[in-house]
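K.L.:
All chains, full assembly: derive it from the sequences and hints.
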Amino acid sequence: MSKFVFRNNTVERFFGKEYSFSGYDDISLIPQDADIYVWWYQVPIKYDQQVLADEIGDYAQKLNFVLSQIEPTKSFIALTMDILYFVPFTDDDSRLQQSVANYNNALYNAEASYNNVKVIDITEFTRNYTAADLFDWKFYFVSQMGMNPKLNKEFKVWWERKLSSIALKRKKCLVLDLDNTLWGGILGEDGIEGIKIGGDYPGKAFLYWQKALLGLSRSGVILTICSKNNEHDVLEAWENNPFMVLRQEHFAAYRINWTDKATNIKALADELNLGLDSFVFVDDNPTERELVKQMLPMVSVPDFPKQPYELPVFFKSLVEQYFKVYSITDEDKKKTEQYKANAARAKAAASFTDFASFLESLHIQIGVEAANEFNIQRIAQMTQKTNQFNLTTHRYTDADVRRFLDERWKIWCISVADKFGDNGITGTIIVKPLDSERCEIDTFLLSCRILGKGIEIAFIKRILSLLESSGFKTITANFIPTAKNTQVRGFWDKVGFKCISETEDGSRNYELSLTDTDLSIENYYHITIK
Amino acid sequence: MEEKVLQIIKETFELATVDKTCSQKTCEAWDSMGQLNLVAELEDAFEISLEPEEIGQMTSYDDVIRILKEKM
Numbered sequence: 000m001s002k003f004v005f006r007n008n009t010v011e012r013f014f015g016k017e018y019s020f021s022g023y024d025d026i027s028l029i030p031q032d033a034d035i036y037v038w039w040y041q042v043p044i045k046y047d048q049q050v051l052a053d054e055i056g057d058y059a060q061k062l063n064f065v066l067s068q069i070e071p072t073k074s075f076i077a078l079t080m081d082i083l084y085f086v087p088f089t090d091d092d093s094r095l096q097q098s099v100a101n102y103n104n105a106l107y108n109a110e111a112s113y114n115n116v117k118v119i120d121i122t123e124f125t126r127n128y129t130a131a132d133l134f135d136w137k138f139y140f141v142s143q144m145g146m147n148p149k150l151n152k153e154f155k156v157w158w159e160r161k162l163s164s165i166a167l168k169r170k171k172c173l174v175l176d177l178d179n180t181l182w183g184g185i186l187g188e189d190g191i192e193g194i195k196i197g198g199d200y201p202g203k204a205f206l207y208w209q210k211a212l213l214g215l216s217r218s219g220v221i222l223t224i225c226s227k228n229n230e231h232d233v234l235e236a237w238e239n240n241p242f243m244v245l246r247q248e249h250f251a252a253y254r255i256n257w258t259d260k261a262t263n264i265k266a267l268a269d270e271l272n273l274g275l276d277s278f279v280f281v282d283d284n285p286t287e288r289e290l291v292k293q294m295l296p297m298v299s300v301p302d303f304p305k306q307p308y309e310l311p312v313f314f315k316s317l318v319e320q321y322f323k324v325y326s327i328t329d330e331d332k333k334k335t336e337q338y339k340a341n342a343a344r345a346k347a348a349a350s351f352t353d354f355a356s357f358l359e360s361l362h363i364q365i366g367v368e369a370a371n372e373f374n375i376q377r378i379a380q381m382t383q384k385t386n387q388f389n390l391t392t393h394r395y396t397d398a399d400v401r402r403f404l405d406e407r408w409k410i411w412c413i414s415v416a417d418k419f420g421d422n423g424i425t426g427t428i429i430v431k432p433l434d435s436e437r438c439e440i441d442t443f444l445l446s447c448r449i450l451g452k453g454i455e456i457a458f459i460k461r462i463l464s465l466l467e468s469s470g471f472k473t474i475t476a477n478f479i480p481t482a483k484n485t486q487v488r489g490f491w492d493k494v495g496f497k498c499i500s501e502t503e504d505g506s507r508n509y510e511l512s513l514t515d516t517d518l519s520i521e522n523y524y525h526i527t528i529k
Numbered sequence: 000m001e002e003k004v005l006q007i008i009k010e011t012f013e014l015a016t017v018d019k020t021c022s023q024k025t026c027e028a029w030d031s032m033g034q035l036n037l038v039a040e041l042e043d044a045f046e047i048s049l050e051p052e053e054i055g056q057m058t059s060y061d062d063v064i065r066i067l068k069e070k071m
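These protein sequence lines map, in sequence, to chains A and B.
Sequential numbering of the first sequence, starting at 0, is according to numbering that gives the first Met the number 0.
Sequential numbering of the second sequence, starting at 0, is according to numbering that gives the first Met the number 0.
Treat the hints as calculated values from the structure; they're not laboratory data.
All values derive from a computational prediction rather than experimental measurement.
Ideal placement from N, C-alpha and C gives every residue a C-beta, glycine not left out.
Hints may be right or wrong, so weigh each one.
Negatives, chain A to chain B, calculated, CB over 12 angstroms [unchecked claim]:
#1 Ala33
#2 Glu123
#3 Arg160
#4 Gly214
#5 Asn508
Here are the computed distance ranges between Cβ atoms for each label pair [stated by the list, open to error]:
#6 Thr58(B) / Lys210(A): 56 to 66 angstroms
#7 Met0(B) / Asp53(A): 43 to 53 angstroms
#8 Glu10(B) / Phe140(A): 21 to 31 angstroms
#9 Asn101(A) / Arg65(B): 48 to 58 angstroms
P.N.:
Structure, rendered in structure tokens:
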């Protein structure tokens, strides 16, 4: 993966070996073979404020020129500009601030007009340091460093975190303890009225913390509870404590009992059909944290603050470390509801004698939609996040998906609703044409939320019919094993594909002739092609 | 100190082996950017601040040792 940085000062020390760099403030050479471009211009050192302002204005024009020269399918990440050294001669001279603000605006405008551009705010990094930490004149004079080279390690950590937030690698589920974690005090001892939530400090600190978590859950993070308590007491507290912000309906699932927490967290993962590595566990008790760390090393376990007034800072670090993404989609926002509806579905399944009549009673509505501007982001996001029901686990960015469309690949996504709720877009298939009669299924994945209802078979059969009517006769497909996708190892066989080769690592190649394949679908799947 | 400096040179320039003959002439990674990285690492490791004049003179292992000895 080669990455190319456009810059006007020395920045090499802040990036790893896979990066190469433009000349200083030099856009005459725009390499076409880079996979990712970075744009990082810093405030130049000039003492004439007008000349300085003009030069910064000029940078924005250069940026737009560069963007027009780069393939629109390649990721382009622009860092905003921050003023690290500034000597206005009068207090009312704001020309530099204005030109920097205009420049940053130009970046955001570019982001709005080009799909491949993402802007990262440098002040999220620089505001952690003093002016003296950030800029060292010695290194400016010796090497034209626009930012102190001593910050390289911290910068790299931050930068990697920002890149992964662009690539959407966020955790999915937060497991919370109750006593002294979501409220002050111990419910079993202090009672519903006695626990500290709302009112003065420390109750106020816990109140803010709960409000913060509610906001986080609205962005799509799933909240669950794992607490040693009497379930009855907790339900009553949720019901009757007037200050409680987070109540039963905000949690997708909970385990309130006296079983050890590692076992409970595993049960939560099973119930929600999520991998343990997408879990973060928050508990004030260091012994519980240690137990979970030892028994479930894939679960992330941050330290909990000793004092309630430290909760807002703790929340910020929690978000930045585990839950930050570049942008969220509507699908994310509805997550908790969807996972709760699944639990209701599981209960309904228990009351039917045969599975087909259960499926029929669900009124399953399947929408199949070709990739378009409105769902590309979601399709890319699913390729990044889906681990279990994923045949090949290729990770793509939205830029990649756009490129595939340009190359005439066929891409569809599936949305699923039933009488318990709308799961939204929860699967995708990416098909690469090989010639007029043959094509290859590059990616096939479904969110675990919709599994267990035979939807995967209905979906793939419908897609195969669509491919058949486009004139394709032979379909090839692959299974690439990972640590997490063993459940789909036999999927292509189940659909009727023939395994034609298998390599030592377990990868398999399959082929299917459409002419002699049964593509009929059970009539209780109501499929609409959009 | 000698050992520590050799170690820093080795890590900064990502060398498989290093000895006391190492200099800007013999070591390809020791270019101007390498020089900057070396200075930043030395300043941190020995808790010193090197002057631009000193940085300009540091073109070999022997120079580094000589300048560090003067500072300490």
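K.L.:
Confirm or reject each hint.
P.N.:
So, going through the hints one by one against the coordinates:
1. A cut-off of 12 angstroms between C-beta atoms confirms that alanine 33(A) is not in contact with chain B; the least separation is 19 angstroms.
2. Chain B leaves glutamate 123(A) outside its interface by the beta-carbon criterion, the shortest separation being 23 angstroms against a cut-off of 12 angstroms.
3. No Cβ of chain B approaches the Cβ of arginine 160(A) within 12 angstroms, the least distance being about 22 angstroms, so the stated non-interface status holds.
4. Distance to chain B confirms glycine 214(A) as a non-interface residue, since its nearest Cβ pair spans about 39 angstroms, more than 12 angstroms.
5. Look at asparagine 508(A): its CB is around 40 angstroms from the nearest CB on chain B, clear of 12 angstroms, so calling it non-interface holds up.
6. The hinted window of 56 to 66 angstroms between threonine 58(B) and lysine 210(A) holds, with their beta carbons roughly 59 angstroms apart.
7. Remark: the range hint 43 to 53 angstroms for methionine 0(B) to aspartate 53(A) is upheld by a beta-carbon distance near 50 angstroms.
8. For glutamate 10(B) and phenylalanine 140(A), the hinted distance range of 21 to 31 angstroms is satisfied, since their beta carbons lie about 26 angstroms from each other.
9. Separation of asparagine 101(A) from arginine 65(B) is about 50 angstroms and conforms to the stated range, judged on CB atoms against 48 to 58 angstroms.
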